[in-house]
Amino acid sequence: MADPNTVVHFLNQFFGGIGAEEQAYAPVQEKEGPVGPGRALQAALGDQAAVVSTIVAGDNYFTEEVESAKAAVAEILDRIKPDMVIAGPAFDAGRYGLACAEVCRLAQGMGIPAVTGMFPDNAGVLTYRKEILAVSSGIDISEMASVVGRMARLAMKLARGEELGPASEEGYVPRGIRREVMHDRPGYERAVDMLNARLAGKPWVSEMLITGYDVVPPATPLKNLKESTIALVSTGGLVPRGNEDRLVGSRAEQFFRYSLEGVSSLSVEDWESVHGGFGTLILNTKNPNYAMPLQTVRYLEDTGAIKAVYPWFFSTTGNAAAVSAGRRMGAEIAAELNEHHIDGVLLVAT
Amino acid sequence: MTAMPAIPLAVGANRVVRGVRVSHVCGDPALSAQKDWELGVRIVETALNSLVTAVSGPTLFEPSEPEPQEAAL
Amino acid sequence: MRLEIGTFPVKDIVLGTTTRWADGVLEINEDELVAMIMEEPSVSWAGLEVARPGDRTRIMEMRDTIEPKVKVQGPGTVYPGISGRPVDTVGRGRTHRLNGMTIIPCSEMPRVNPDGSHWWGARLEGTPGEVNYVDMSGPGAVTPFSSTINLCVPMEWQEGSYTDDWNRVVQAAMVKVNDYLAQTTVGLEPPEVQTYDLNQRDSSLPNVVFVPVLASGEYRYGPRTSLSTCVYGIGRLTQPWLLQPTEVLDGAICGAYQYNPTWPIIETIVPHMCARHGTDFNFVGCIVVRSNWEAQAEKQLMANRAAQLAIDVGAQGAIVTTNVRGQRFLETVLTVQALERAGINTILMTEEEDNENGSAPPLLVSNPELVAAVSNGTGGVEVTFPKVERVIGVRKPEPHWAEEMGPIHGRYGVSHLHDFYGFGKQGYLDF
Chain A
6 MADPNTVVHF LNQFFGGIGA EEQAYAPVQE KEGPVGPGRA LQAALGDQAA
56 VVSTIVAGDN YFTEEVESAK AAVAEILDRI KPDMVIAGPA FDAGRYGLAC
106 AEVCRLAQGM GIPAVTGMFP DNAGVLTYRK EILAVSSGID ISEMASVVGR
156 MARLAMKLAR GEELGPASEE GYVPRGIRRE VMHDRPGYER AVDMLNARLA
206 GKPWVSEMLI TGYDVVPPAT PLKNLKESTI ALVSTGGLVP RGNEDRLVGS
256 RAEQFFRYSL EGVSSLSVED WESVHGGFGT LILNTKNPNY AMPLQTVRYL
306 EDTGAIKAVY PWFFSTTGNA AAVSAGRRMG AEIAAELNEH HIDGVLLVAT
Chain B
3 MTAMPAIPLA VGANRVVRGV RVSHVCGDPA LSAQKDWELG VRIVETALNS
53 LVTAVSGPTL FEPSEPEPQE AAL
Chain C
9 MRLEIGTFPV KDIVLGTTTR WADGVLEINE DELVAMIMEE PSVSWAGLEV
59 ARPGDRTRIM EMRDTIEPKV KVQGPGTVYP GISGRPVDTV GRGRTHRLNG
109 MTIIPCSEMP RVNPDGSHWW GARLEGTPGE VNYVDMSGPG AVTPFSSTIN
159 LCVPMEWQEG SYTDDWNRVV QAAMVKVNDY LAQTTVGLEP PEVQTYDLNQ
209 RDSSLPNVVF VPVLASGEYR YGPRTSLSTC VYGIGRLTQP WLLQPTEVLD
259 GAICGAYQYN PTWPIIETIV PHMCARHGTD FNFVGCIVVR SNWEAQAEKQ
309 LMANRAAQLA IDVGAQGAIV TTNVRGQRFL ETVLTVQALE RAGINTILMT
359 EEEDNENGSA PPLLVSNPEL VAAVSNGTGG VEVTFPKVER VIGVRKPEPH
409 WAEEMGPIHG RYGVSHLHDF YGFGKQGYLD F
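One line per chain: the protein sequences are A, B and C, in this order.
My numbering applies: residue 6 is where the first sequence begins, and numbers increase by one.
My numbering applies: residue 3 is where the second sequence begins, and numbers increase by one.
My numbering applies: residue 9 is where the third sequence begins, and numbers increase by one.
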């Protein structure tokens with residue numbers, strides 16, 4: 006029979022048996038063989054794998070001295086060269102979860118497959134969701150045996166190079182990667198089944214985990230509008246009449262820059278909207294300024310409320326654009342505006 | 003600046019100003035030319051004021067109400 | 009309401025010299041039917057083509073898809089309200105249907121309307137668009153219409169036609185063909201009868217509603233447009249409609265919105281939920297929410313009213329669907345939110361956005377109340393669609409339509425399946 010896979014197990018100070026909160030600053034240390042929950046882990050792994058060493062570190066130490074901690078762990082892993090690393094489970098302990106996530110990332114960076122376990126809302130998941138494979142646990146450590154059993158099973162799958170099934174089936178925390186699957190029955194039957202389960206108070210699992218929205222640190226406020234130069238951007242599909250640049254009405258990948266030199270207002274004669282996602286009649290026959298308020302902004306410039314308007318207007322169509330295209334266009338516009346030290350942007354989204 | 007603030011607020015835009023309608027975000031052609039203009043000024047001023055306001059996350063700014071008119075004597 | 013559905017299976021369609029249904033074969037007097045369609049002066053040409061499962065055939069320029077039906081007992085006509093049909097309330101009595109087949113009117117569309125509004129995508133030639141075709145065989149034969157026998161009715165307009173006008177002509181032809189074919193079942197005993205007696209309620213079972221959020225074409229084409237999914241012929245933006253599920257089975261919701269046809273709205277989840285009435289739950293209503301409102305307050309109001317209607321009918325559970333993504337998806341998630349806040353267990357079933365390798369969320373916008381969702385995938389079909397022998401849909405199809413077509417990566421604006429009602433087994437899950 007093949008040699009058992011070697012496993013290094015990571016635990017915090019409490020589960021590693023060196024103490025409780027008072028040992029939260031304990032530096033990285035090594036113990037031989039399985040320790041504490043590691044014994045349950047070893048039992049679950051059976052003779053397929055052997056926990057040869059346990060790394061223990063204090064929660065606070067790991068999160069506050071993360072570089073030193075990682076260096077110490079890397080040294081141990083480099084010496085032992087285990088087939089797998091298993092960290093935790095951390096349940097809902099946030100510092101522990103972050104530490105487990107760091108250990109897993111480190112191991113993976115060294116080419117060693119890694120599995121951890123924690124509650125889906127643990128900071129370790131929220132910070133490193135895409136990068137770690139975490140078995141889903143509750144918050145109650147009394148389920149240790151079952152969580153550890155699932156971690157062992159998943160770890161062995163990784164060790165055997167087997168492809169993982171969907172998160173909901175294999176019991177791990179979704180990593181935000183979504184792929185097509187073939188169910189055994191049509192969507193409308195699954196919808197009714199899910200409704201029935203909810204109504205009956207039976208367990209059910211949503212087919213979608215809604216995450217992935219950006220959190221963007223807000224720009225610091227401007228000090229003084231009167232000293233500020235403002236740039237204008239619109240996703241309303243505004244172009245000079247005739248659309249020589251051929252801005253598309255949907256699925257835009259590009260934006261265009263149009264000169265505002267000497268232009269104090271957008272006129273119906275000179276401008277039109279090619280946006281395919283809403284009724285553009287009003288913009289095209291009454292007043293394009295509704296989708297890019299140049300006339301108003303010029304008035305405020307004239308009265309000194311703002312210092313100046315950036316002479317280039319950025320235009321694209323915000324209709325079915327890919328998120329990646331939007332991110333890229335935004336970054337390109339921002340880069341140009343930063344180069345010219347523009348203070349603020351008004352962006353009209355139709 | 004949008005007639006649909008829920009969307010930019012959901013996707014991480016930090017300063018969001020409510021406009022009128024999708025097809026005319028920065029004004030209202032149903033109003034008289036004068037009132038439409040005044041509404042447009044209020045919307046843009048709200049937007050500019052948001053740039054000098056500190057925010058900690060996605061924040062909705064509502065354009066201010068018009069000043070109450072003095073009754074004609 | 010109580011509705012009996014008499015099902016007449018159609019195993020083959022034969023174009024010949026008589027019109028009748030017998031033993032699963034529908035014979036159609038081709039000349040007579042084409043002449044009827046061409047009675048409308050703006051039709052310059054019309055044809056009939058049969059596309060069978062397994063054919064090396066591709067159908068394109070589909071303008072809508074319906075199953076032929078006729079009311080044999082009870083008030084009203086099927087597909088009420090559109091094309092000037094009576095608006096009598098339907099959903100009671102008995103309706104016959106020719107099952108296993110569809111009617112698919114096909115036509116290119118004139119690009120403009122007199123007021124200057126454009127057919128979708130018509131503004132700019134050459135922009136990559138949605139791919140709108142059905143393969144009857146091969147790895148791309150994954151829509152429900154790859155498994156039905158489709159009577160395609162390609163049509164051409166006279167010079168100078170406008171988009172909305174021509175659409176009305178196409179719709180009129182579609183219901184004319186419907187009535188003509190379904191008439192063959194009148195007076196015959198259906199091989200199979202299903203009874204949906206929604207009047208019987210079991211007080212030990214929970215009450216549920218189906219809440220389809222349906223985009224209106226009003227924002228683009230005005231309130232009286234035919235380019236909209238309609239309820240009893242009304243396509244404009246209105247507050248939510250409360251319908252009996254059997255009204256939907258009789259076609260009270262009818263009309264394509266862009267490339268979203270009628271058939272899936274009527275023939276998938278609604279009959280399935282009707283069949284579960286009395287076993288899993290009491291199916292107490294369909295609440296149609298119109299979307300494409302232009303201001304968030306209006307969208308919020310529609311969601312609030314939908315939730316209030318659900319409360320008024322005593323719903324404890326709801327399944328919400330949508331039919332187009334984009335900013336009109338906001339109506340959908342606000343509706344889910346309003347229902348959940350009213351204490352109603354809600355499932356959202358929808359197609360989702362392209363994951364973009366883990367960097368984009370599955371839905372444009374969401375809220376914390378949206379906890380239960382069924383995903384029908386992104387609408388993409390990532391296979392190579394092989395060369396075909398026959399292309400149906402226009403009189404002279406361009407040669408490239410018969411060629412191999414590349415895989416379609418689903419995302420907003422590019423959905424091959426438009427599977428909003430869950431007819432398929434494909435889905436998307438987290439890994």
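Among the hints, erroneous ones may be present.
Said to hold, decoys possible - Counterexamples of contact, computed for chain C against chain A with all Cβ distances above 12 Å:
id, residue
1, 31
2, 52
3, 64
4, 95
5, 200
6, 208
7, 209
8, 241
9, 277
10, 279
11, 361
12, 414
Unchecked claim - Calculated lysine-lysine pairs in the DSBU-like style (CA-CA distance at most 30 Å, straight line):
id, chain 1, residue 1, chain 2, residue 2
13, B, 37, A, 231
14, A, 291, A, 207
15, A, 312, A, 291
16, C, 433, A, 162
17, C, 184, C, 404
18, A, 312, A, 231
19, C, 404, A, 135
20, C, 433, A, 207
21, A, 312, B, 37
22, A, 291, B, 37
What the hints assert, rightly or not - Per the computed footprint, the stretches of chain B lying under chain C, defined by three or more beta-carbons under 8 Å from a beta-carbon of chain C, are:
id, stretch
23, 21 to 27
24, 53 to 66
Rather than coming from a laboratory, the hints here were simulated on the basis of the structure.
Where is the CB? At the ideal position from N, CA and C, for every residue including glycine.
Each hint, compared with the structure:
no., hint, in the structure
1, 31, "holds, 29 Å"
2, 52, "holds, 28 Å"
3, 64, "holds, 24 Å"
4, 95, "holds, 27 Å"
5, 200, "holds, 20 Å"
6, 208, "holds, 19 Å"
7, 209, "holds, 15 Å"
8, 241, "holds, 22 Å"
9, 277, "violated, 4 Å"
10, 279, "violated, 9 Å"
11, 361, "violated, 8 Å"
12, 414, "holds, 16 Å"
13, 37(B) to 231(A), "holds, 25 Å"
14, 291(A) to 207(A), "violated, 57 Å"
15, 312(A) to 291(A), "holds, 29 Å"
16, 433(C) to 162(A), "holds, 27 Å"
17, 184(C) to 404(C), "holds, 24 Å"
18, 312(A) to 231(A), "holds, 5 Å"
19, 404(C) to 135(A), "violated, 51 Å"
20, 433(C) to 207(A), "holds, 23 Å"
21, 312(A) to 37(B), "holds, 26 Å"
22, 291(A) to 37(B), "holds, 15 Å"
23, 21 to 27, "holds (count 4)"
24, 53 to 66, "violated (count 0)"
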